[in-house]
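S.K.: Using the sequences provided together with the hints, build the complete structure.
Going down the list, the sequences are from chains A and B. Going left to right, the first sequence walks through residues 1 to 140 as this note's numbering numbers them. Going left to right, the second sequence walks through residues 1 to 143 as this note's numbering numbers them.
By construction, these hints were calculated from the structure, which means they are not laboratory data. Just so we're clear, the structure is a prediction, and the values are computed from it rather than from any experiment. For glycine and all other residues, C-beta sits at the position ideal for the given N, C-alpha and C. Accuracy of the hints is not assured; some may be wrong.
Over 10 angstroms on every C-beta distance to chain B, these chain A residues come out as not near it, computed from the model [what the hints assert, rightly or not]:
1. Q23
2. N132
3. D140
Distance condition first, Cα-Cα at most 27 angstroms in a straight line; then the derived BS3-like pairs of lysine-lysine [claimed, not checked]:
4. A:K31 with A:K119
5. B:K115 with A:K66
6. B:K99 with A:K119
7. A:K66 with B:K116
8. A:K66 with A:K26
9. A:K98 with B:K99
10. A:K66 with B:K140
11. B:K72 with A:K66
12. B:K116 with B:K140
13. A:K35 with A:K66
14. A:K109 with A:K119
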Amino acid sequence: MIQNVNKLEMKYMVMKYTNGRAQTMKLCEIKDILKAEVLCGDEFLENEVSYAFGSDLMSDVLAYVKGRTILLTGLINSQVIRTAEMADLTAIVFVRGKRPENDIVNLAKQNNMILFTTKDSMYTASGKLFCNGLEGINLD
Amino acid sequence: MEFMKYTFDVEKDDFVRAGEASSNIKRTLRELGIDSAIVRRIAIATYEAEMNIVIHSVGGQVELEIDPNSIKVTARDRGPGIPNIELAMQEGYSTASEKVREMGFGAGMGLPNMKKCTDRFTVESVYGEGTTITMEILLKAGD
Numbered sequence: 001m002i003q004n005v006n007k008l009e010m011k012y013m014v015m016k017y018t019n020g021r022a023q024t025m026k027l028c029e030i031k032d033i034l035k036a037e038v039l040c041g042d043e044f045l046e047n048e049v050s051y052a053f054g055s056d057l058m059s060d061v062l063a064y065v066k067g068r069t070i071l072l073t074g075l076i077n078s079q080v081i082r083t084a085e086m087a088d089l090t091a092i093v094f095v096r097g098k099r100p101e102n103d104i105v106n107l108a109k110q111n112n113m114i115l116f117t118t119k120d121s122m123y124t125a126s127g128k129l130f131c132n133g134l135e136g137i138n139l140d
Numbered sequence: 001m002e003f004m005k006y007t008f009d010v011e012k013d014d015f016v017r018a019g020e021a022s023s024n025i026k027r028t029l030r031e032l033g034i035d036s037a038i039v040r041r042i043a044i045a046t047y048e049a050e051m052n053i054v055i056h057s058v059g060g061q062v063e064l065e066i067d068p069n070s071i072k073v074t075a076r077d078r079g080p081g082i083p084n085i086e087l088a089m090q091e092g093y094s095t096a097s098e099k100v101r102e103m104g105f106g107a108g109m110g111l112p113n114m115k116k117c118t119d120r121f122t123v124e125s126v127y128g129e130g131t132t133i134t135m136e137i138l139l140k141a142g143d
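M.R.: And the structure:
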C-alpha cells in the first residue's frame with residue numbers, strides 16, 4: 001500500500017514538472033506491467049500511448065475516447081475492433097484472460113492494431129497502469 | 001473535389017458485417033485526403049447510425065455524399081420507425097435488447113453522439129414506415 005502511494009505521489013510530481021502534460025507509455029512497457037501476451041501487432045510494441053480507457057460499453061468509447069489511448073475491455077466481439085477503428089484507437093487489452101476468435105484478430109491485423117490479453121481483471125489491470133503513470137482520459 | 005456519391009446496404013441483425021459500411025466510408029474519406037479529425041467525426045457518427053440500422057430496423061442503407069463544401073451521410077431504414085423522437089434523443093434512453101447490450105451497445109448514447117460529432121443533424125421518422133438520419137460536416141478550405 002505504502003509503495004503504491006509513493007508511486008502515485010511520484011506520478012503527480014512528474015505531472016507537475018511536465019506542466020500537466022500526460023506521460024506517455026510504450027506498449028512494450030504495458031505488456032510487461034500486465035504480463036500480457038501479444039495476439040497480433042508485435043511490430044507496434046515500440047509505439048506509445050498517452051492515456052488508457054477501460055470499458056465494456058462501446059457507446060462510451062465512441063462518445064469519449066480520442067487519440068493515442070489504449071482500450072481495456074472484457075468484450076471480445078468484432079464490434080470492439082470496429083469501435084476502435086472508428087475512434088482511431090490502435091491498441092486493445094482484453095482483460096480476465098479473454099481471447100477473441102481468429103477472424104476478430106484478423107480484422108484487427110487489417111487495421112494495423114496491436115491486441116493484448118492479460119490474466120488481470122479490469123480493475124487490477126487499470127490500477128497497475130495508473131500506478132505506473134498512465135493516466136485516464138479527460139472527460140470534458 | 002467533384003461531387004461523389006456512394007451507397008452501402010446494411011442488413012438487420014448482421015452483427016458480423018456491422019461496421020463494414022462505416023469502415024468503407026472512413027477509408028474513402030482518408031484516401032481523398034480529408035483532415036483526420038473530420039474523418040474520425042464522420043466515421044463515429046456513421047458507425048453509430050449503421051449500428052442503429054442493424055439493431056433497431058428491418059434493414060436499410062447508408063449513403064455518403066461528398067462535394068467541395070461538405071460531407072453528408074444519410075442513414076435510411078425501411079422501418080419500423082421511431083415512435084417518439086424526443087425520447088429517443090435523450091441520453092440514456094434505449095429500447096435495445098439484452099443481447100445488444102451484452103455487445104457493448106444500447107446505452108442510449110447513439111443519437112446524441114451523432115449530433116455531437118456533426119455540424120448538421122436531423123432525424124425524420126414515420127412510425128410504421130422508417131427513419132432517415134441526415135448528418136453533415138461542413139468543409140473549410142484546407143480540410
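S.K.: Does each hint fit the structure? Answer for all of them.
M.R.: Against the structure, the hints:
Under the 10 angstroms C-beta cut-off, the non-interface status given to A:Q23 relative to chain B holds; the minimum distance is some 24 angstroms. Listed as outside the interface, A:N132 is consistent with that label: its C-beta sits roughly 27 angstroms from the nearest C-beta of chain B, beyond the 10 angstroms cut-off. No Cβ of chain B comes within 10 angstroms of the Cβ of A:D140; the nearest lies about 13 angstroms off, and the non-interface call holds. Taking the CA atoms of A:K31 and A:K119, the gap is about 12 angstroms. The hint holds against a cut of 27 angstroms.
For the given pair, B:K115 sits about 17 angstroms from A:K66 by alpha-carbon distance, which is consistent with the 27 angstroms threshold. With a CA separation close to 25 angstroms, the supplied pair B:K99 and A:K119 stays within the 27 angstroms bound. With a CA separation close to 14 angstroms, the supplied pair A:K66 and B:K116 stays within the 27 angstroms bound. Proximity of A:K66 to A:K26 is assessed by CA-CA distance (about 18 angstroms); at most 27 angstroms being required, the pair is judged to hold.
Proposed proximity of A:K98 and B:K99 is supported: the alpha carbons are some 19 angstroms apart, at most 27 angstroms. With a CA separation close to 22 angstroms, the supplied pair A:K66 and B:K140 stays within the 27 angstroms bound. With a CA separation close to 22 angstroms, the supplied pair B:K72 and A:K66 stays within the 27 angstroms bound. This hinted pair checks out: B:K116 and B:K140 have alpha carbons roughly 19 angstroms apart, not beyond 27 angstroms.
Using a Cα cut-off of 27 angstroms, the hinted pair A:K35 and A:K66 holds, with the two alpha carbons roughly 26 angstroms apart. Restraint check for A:K109 and A:K119: satisfied, since their Cα atoms lie roughly 22 angstroms apart, inside the 27 angstroms limit.
Comparing the model with each earlier hint shows no violations; every hint is respected.
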